[in-house]
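Going line by line, the protein sequences match chains A and B.
Counting along the first sequence from 1, when you hit position 113 you're at 113 in the numbering used here, and nothing is skipped either side.
Counting along the second sequence from 1, when you hit position 77 you're at 77 in the numbering used here, and nothing is skipped either side.
Don't read these hints as lab results, they were simulated from the structure.
Virtual Cβ for every residue (Gly too), placed ideally from N, Cα, C.
Please note that the accuracy of each hint is not assured.
[Said to hold, decoys possible] Label pairs and their computed distance ranges (CB to CB):
1. A:Glu176 with B:Thr49: 45 to 55 Å
2. B:Ala16 with A:Arg18: 31 to 41 Å
3. B:Ala50 with A:Glu45: 28 to 38 Å
4. A:Ala15 with B:Ala50: 14 to 24 Å
5. A:Tyr64 with B:Lys9: 38 to 48 Å
6. A:Thr72 with B:Lys35: 25 to 35 Å
7. A:Glu45 with B:Glu5: 28 to 38 Å
8. A:Ala161 with B:Val47: 28 to 38 Å
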Amino acid sequence: MSEHNINEWINQSLAGNRWAFKEIVGLYQQKIFSYVFRIVCNEEEAKDIVQETFIRAWTFLPKYDSSYKFSTWLYKIATNCSRNYLKKTKALALSGEKLLTMAEQLKSTDLEQQIINKNLAKIIIQLAHNLTPKQKLVFTLKCLEGLDTEDITGITNLSAAQIKDNLYLAKKSIREQLQKYIV
Amino acid sequence: MEKDELYNKLVSTLQATKPSLSLEEFDAMAENIMKGIANKRQKQHPVITAIISICSAAAILLLVLLCTEVLQINERQDVTKNPYFGIVYRKNDAVKISSLQSLLGYYTQKNSDKDDISAIVKKYINKEKNNTATQNSAQ
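If we strip away everything but chain B, and leave its shape as in the complex, we get (with noise of 0.2 Å):
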């Protein structure tokens, strides 16, 4: 019983009394505040927040995007123009691609060509034994 007045008694005093300050101790304290928030920026709405964020990320891969373009001229400067092989070139003795169509266009090319040449081959080969085959019989 004893136990519960000393517990009442002290906890009525305690919400009685107020912790507190002077109040140029809480002029001080709002100032302090004031000068905390001078050069603070407000958090904006969450759906602004979303939209700033998705601007930026596309900022940022235009950005990207823009920088691997610039690369790709300059790279495209040292190409050997093939007009046989269109699009596709040559550069340090490695193929550049632009996409796998280019890619099998490029090795059609190149079969072709050596067909191409394979016949000339031949053709030179069965014009030389026919030259030499005229040459014996009019002997």
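One chain only, chain A, in its complex shape (with noise of 0.2 Å):
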């Protein structure tokens, strides 16, 4: 989709087209889905949240820089709805085999959607296991939705050396946490 017509859609959307931001929608919200349910690792929840995201969205378009990426700008408000939910990271006790058997099931396409889900959570929940909620947050913008350091700085108001420190512990804190299943 070019910029030009997400621009227009945002120009028409702010004219009080609801049709226009029904585009909008449509355009984003898998990967807003994509990117909360790494955070909450809950279907439900993050279906709740990818919602609320869009609505806060459309409430304050008028208050939107366009200076900035449009997809960068619904990061961060997806980021603030699903802040509650960072904090609460339960643990499973996993085994290290059992870790990687769900890890190759998730390439296998003859799954379903939601069991692919439910691993992924699982997965994600164990990795995550010991990162503070700036660690996993900084984790999965820049090793799992692959943003730039530039774009997470606008989503999550770090700076890039905090960004990079964040990082460093998060990546060394799943290490340790592998470490665990191979001994």
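With the hints as a guide, dock the two chains, each given alone in a separate frame, to form the complex.
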């Protein structure tokens, strides 16, 4: 989708055109769901947060600064909406073997998406067990969503140095977590 | 080394696998969002919001002033008019004033009235004395 179309939809939405906003929802909801799910690790919660994200986006659209990418702005709203869930990561006791089996299952296209989502959630919860909310956020945005540092700065309000530190600590913590399965 | 391999394998799998929903579920979600925004008003631009706030505050202030004025008019219906005291008036023995200037005027007038009365009293007493003296001398 071209940048021109998105800007056009944003302008029309600003003029109160809900159908233009529906196009924006259709374009970004999958991406935002994927991100939110990786944060909250729960399908139902993720659905609610995605809905809240887009409703907030509609409400605060006049405040959107077009010098930033629209997707970055949406990520920021989604991050704020899921902030409460960042703090309650439940630890599951999974064996290393089980973890790998579940990761292998993710590649299979025959499985239902729900099972994939469940396995993904379990793996992320297990890996992010010892991470602080900031570390989890930075790890998800950088390593899983593939965003660059500049975008992450805009979303999290963390400096580049803070992002680097949090990412280093997150990777270290995950590796240590994995070490338990190897020994 | 084994640890790094495991880490890389897991992270690359997680990157490649996007959590998702069925098309129907995404459609339902979009419908819910549209329902959610149906009665939701967009926040105005900060400048417009500020202008609206100022206008609202001014309207409230105007209303308060209007109410005060109406109450004052009601209060003044019971005023005992006094040509000497001008706009200063009495109600239930309490002096009501609309300005300090009026209060000063009131007391100036009051004192001058007192002076006039005492002058009349003196004049009357003197007149009485004169009458008594005239009567005595006639006798």
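Hint numbers contradicted by this structure
Going through the list in order, the structure violates no hint and respects every one.
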